[in-house]
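Participant: Chain order of the listed sequences is A and B.
For the first sequence, the numbering used here assigns the number 1 to the initial residue and increments by one for each residue that follows.
For the second sequence, the numbering used here assigns the number 1001 to the initial residue and increments by one for each residue that follows.
Quick caveat, the hints were computed from the structure, so don't treat them as lab data.
The structure displayed is predicted, hence computed values, not measured ones.
Lysine-lysine pairs mimicking DSS-like chemistry, simulated, CA-CA at most 30 Å apart:
no.	chain 1	residue 1	chain 2	residue 2
1	B	K1064	A	K1
2	A	K42	B	K1064
3	A	K68	B	K1041
4	A	K1	B	K1066
5	A	K42	B	K1066
6	B	K1014	B	K1055
7	B	K1041	A	K42
So the chains spell out like this:
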Amino acid sequence: KQEVTQIPAALSVPEGENLVLNCSFTDSAIYNLQWFRQDPGKGLTSLLLIQSSQREQTSGRLNASLDKSSGRSTLYIAASQPGDSATYLCAVKGGGSQGNLIFGKGTKLSVKP
Amino acid sequence: GAVVSQHPSRVICKSGTSVKIECRSLDFQATTMFWYRQFPKKSLMLMATSNEGSKATYEQGVEKDKFLINHASLTLSTLTVTSAHPEDSSFYICSARRQGAELYGYTFGSGTRLTVV
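Isolated chain A, as found in the complex (with noise of 0.2 Å):
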């Protein structure tokens, strides 16, 4: 059974620092791996989609990257803003093309001015 990990759960940063989400996943048989961002009481906002093929997906200030064969994945923010505060949730797809979304916890992240 598939399984992902958000380490950490929590992480507070001052302004202009760069920071790494990490998320861990326990099959590496998965179709895409996503990065969402949710504000308190918001739904999801999509904000990379790496397929199973790629390495990395780059977005403005943000970059994930994908290692399969190691069941892992970063999120880097260059620069942060505390309009980046919010919570990042990392979910997998397996199953090929019609599979289910897999989520973990997420990371809340909290960038001081």
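Based on the hints, put chain B in the right spot on chain A.
Facilitator: Below, chain B without anything else, positioned relative to chain A:
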């Protein structure tokens, strides 16, 4: 593109009543929609998968008679919490799978905070 609208965003109901939550794909056809439940400091838990025009597939441990799911059209799925109890209070989120989702990922609604008093 790929917007999913979920309504209502918040609802408070009395114990024993039923509540319906709607999930609409606004600019695409969603052959498959998913319903999740989120507990504080926990992972999103998949409750059921609904395919347009067929019965929903429920995850183990989810009571299908309590959480009624209807996916009558390619743009609308509804979740009805029947005879709600305080323990049903939670955050419910839907997501929709569109054609090409393997390239773009799944799109999520904004969630519904249900409070049963």
